[in-house]
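Colleague: Here is how the chains run, residue by residue.
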Amino acid sequence: MQFIENVRLAFTSLLANKMRALLTMLGIIIGISAVIMIMTIGTSIQKTLSNTFNSLGSFNVFDVGIWLTDYENYSFVEDEMISREMLDELIETHPGKFEIQLTEQFGSATTQNPNGDVLTLSVTGGMSQDLATDHIRGRGVDYQDNARGKNVVYVSDLFVKQYFGTDTDPMGQTVELTFENGVSADFVIIGYSKLPKIYDRMYEPGTREVDKQTPCYVPIDTMYRLMHTEYTPKDYVSIIYNTDYDEAELKAELEEFFNEKYAQYPQYYVTVRDEQSELGMINTVINIVTIAISIIAAISLIVGGVGVMNIMLVSITERTKEIGIRKALGAQNSAIRMQFVIEAIMICLIGGIIGILLGITGGLLIGWVAKTLVTEFYSEYAELIAITIEPSIPAILIAVFFSILTGVFFGYYPANKAAKMDPIDALRYD
Amino acid sequence: MSKTVISMRGIIKRYYIGQPNELQILNGIDLDVTQGEFLAIVGQSGSGKSTLMNMIGALDRPTEGTYYLNGVDISTLDDAELSRIRNKEIGFVFQTFNLIPRTSALKNVELPMMYAGMSRKARTARAEELLEIVEMADRADHQPNELSGGQKQRVAIARAMANRPSILLADEPTGALDSKTGRLIMDLFHKLHKEEGTTIVLITHSPELAQECDRIVTISDGSIIGDTGVREDAIH
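If you're matching them up, the sequences are chains A and B in order.
The first sequence: position 128 = 132 (our numbering), numbered continuously.
The second sequence: position 8 = 10 (our numbering), numbered continuously.
If you are wondering where the hints come from, they were derived from the structure by calculation, not from laboratory data.
Idealized CB from N, CA, C, for every residue including glycine.
Possibly wrong hints are sitting among the right ones.
Stated by the list, open to error - To give a feel for the contact side, a few chain B residues facing chain A, derived at Cβ under 10 Å:
(1) L61
(2) T68
(3) L79
(4) L101
(5) P114
(6) A164
(7) G199
To be verified - Below, simulated DSSO-like cross-link-like pairs (lysine-lysine); rule was C-alpha separation at most 27 Å, straight line:
(8) K90/B to K421/A
(9) K51/A to K238/A
(10) K182/B to K196/B
(11) K154/A to K101/A
(12) K216/A to K238/A
(13) K238/A to K101/A
(14) K90/B to K325/A
(15) K90/B to K424/A
(16) K201/A to K375/A
The shape of chain A in the complex, shown without the other chains (with noise of 0.2 Å):
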């Protein structure tokens, strides 16, 4: 009952004194809006970021690395190196858990469609192929396919836009590729993706459809036969695991596995790193930056806080007849003292959602800016980069939490002050 009275009175008070009261809240509005534009900022580089990885493929993989201890005096020997024995003996000595990640280029290759135009694709070989997010239809090249040496491909929608037109469904159908080196197969499609937006950006402007070059995914063992080449060792590898199990153990799995392999070599030293965990660990950096950037704006929160303490001493030793009258009409000490709390209460309240909605406002100006300025100058980049701008809730909250507090602290000393006059010496000042 008397609360909203108080509130009543609080804003009475400073209706009175606007120009006052709004300098009073300057310190709160830029303390409070700079902690909410910096959490701001640092929420929507944290979703930007995760949203660009899950754009860019799925994160169950681990990248499998070797190093050598000491590089002036050792280098890397191929026989050395992760051989493809060791992947099929991963493959085959811990089922179901892991596929390989392994790509090559092939170069182009052409086919006909049934119009006799010419199409061209760009060939991808590999082991175990990781669907995007624009998968459509069909399944992807596995490691099965690699082993049988089977002629399947992948394909996209523009291809089958480009070999069949709409009305034939592509899927089990063969197309005839011809490769760079003159050699020719009957490949299966088994299943196709949505374009990838970055082809979409190669292609010259005023390029007929059927003269866009597409991509496409064929097992990268069926290549090596066609092409009369091979496996070559590598230093690294990513491995795609089987997210059913526990990411740990098979992180450790790995790390035996290979280290292992690596016994017999001590120049060499094995890692096995973990893209989610990396991502978390650069979340982990970047929320540690957020919140001491915060604290150090929050101190401009304290400074607001004793300038609305200030405020208040003065607020009261002008009011102190007020304050004896009301004593006098039978005010308890309590309710004076709640007054003058809620009026500083009010005052960081009232700054601290100015202070909220400035701090809003500037961060999504600058993620506005950030945006523009991407797509300025790194056009070809800005469709792969997703750029997610969002205030910061739980930053919000404790704003709200931390204004009300400030008044509660800085406005307690004052309003008890008031409290505890003499209500003989108030009723006398003049």
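Here the structure of chain A is known, so what remains is to put chain B in place on it, guided by the hints.
Modeller: Then chain B, alone, in the frame of chain A:
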């Protein structure tokens, strides 16, 4: 038959201004006031009448002596209990009106009832009724700076009456008013005294005003030097 409202025995008030110098303002006041009296306390400046008023109004505690207000010993109460006594039992009317600035007449009258914890509806109704009594109903929404001195004092009297106090304690209520307006305010006190049976304690240095009251207590140098008792032949 009539109830005793104020009963003071041997009230002494001392101020300590540094250890050796003590200043004794009241030197043992004995005072009884019964319900329905219209009492004037007169005295020169510095006679101690303001201190006595603070004592009666429960703004201050005596150094020695006992003060029973409606049977409650005020001299032993703590701050919170004194606030409650001021709220319920005392209605202050000040020389300088002391309305809360930037607050309408109605809200000013509501204040003591707000501190008494009365519901908004009830206190607004009561405040309107009080403003009616002091003939200020048409100015209920005006702020103090939009009112004349006499009007302010009427609002202040309405406010003092809000919680139906045992005593209306008026400190030079006409001191800041011209004689004509002062007359109207005094008439209002007489009206409240007669019609509502309010016990009124009027503190003044003016013998003329005191003559209008039922009883005159004269104070000088912290002691009561004259008490007319209740006179049936009061001028009014």
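Colleague: Against this structure, judge whether each hint is valid.
Modeller: Going down the list of hints, with the structure as the test:
no. : hint             : result
1   : L61              : holds (5 Å)
2   : T68              : violated (20 Å)
3   : L79              : violated (13 Å)
4   : L101             : holds (8 Å)
5   : P114             : holds (5 Å)
6   : A164             : holds (8 Å)
7   : G199             : violated (22 Å)
8   : K90/B to K421/A  : holds (25 Å)
9   : K51/A to K238/A  : violated (34 Å)
10  : K182/B to K196/B : holds (21 Å)
11  : K154/A to K101/A : holds (22 Å)
12  : K216/A to K238/A : violated (33 Å)
13  : K238/A to K101/A : holds (21 Å)
14  : K90/B to K325/A  : holds (21 Å)
15  : K90/B to K424/A  : holds (21 Å)
16  : K201/A to K375/A : holds (18 Å)
Hint compliance for this structure: hints 2, 3, 7, 9, 12 are broken, all remaining hints hold.
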